[in-house]
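Enquirer: Sequence:
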Amino acid sequence: MFKRKKLVLFTLLLITFIVVLSGCFKSGNGKKTATYQLTVNVTEATEGNPIYGDIIVLSEKGAKVAQKTGNAAQFN
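Just so you know, we're using full-length UniProt numbering here: the sequence shown kicks off at 1 and counts up by one.
FYI, nobody ran anything at the bench for these hints, they're computed from the structure.
Predicted model, so just to flag it, every value in this text is computed and none were measured.
Please note that a few of the clues may not be correct.
As the list claims (entries may be wrong) - Just the calculated beta-carbon pair ranges, DEER-fashion:
no., residue 1, residue 2, range
1, A63, V8, 13 to 21 Å
2, K61, V8, 31 to 39 Å
3, A63, R4, 32 to 40 Å
4, T11, A66, 13 to 21 Å
5, L58, I15, 24 to 32 Å
6, R4, K61, 34 to 42 Å
Where a beta carbon is used, it is the ideal one built from N, C-alpha and C, also for glycine.
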């Protein structure tokens with residue numbers, strides 16, 4: 001049950017990250033919106049170890065826009 005709760009919290013943090021990131025790209029700076037590829041890798045917690053994740057955002061041209069790696073507690 002505890003692992004499931006951590007996974008749900010981690011998912012909510014990822015959604016928050018996406019919303020904040022999308023807000024940054026739509027910040028009224030007159031630039032056109034673009035398509036971004038979001039890759040999320042999640043490693044499930046085992047034997048008391050935290051859930052780890054790796055988030056990478058690529059522009060449509062393949063350039064890395066953002067990357068965040070760490071455990072669920074670090075995604076805030």
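Enquirer: Which of the listed hints are not met by the structure?
Expert: 1 and 5
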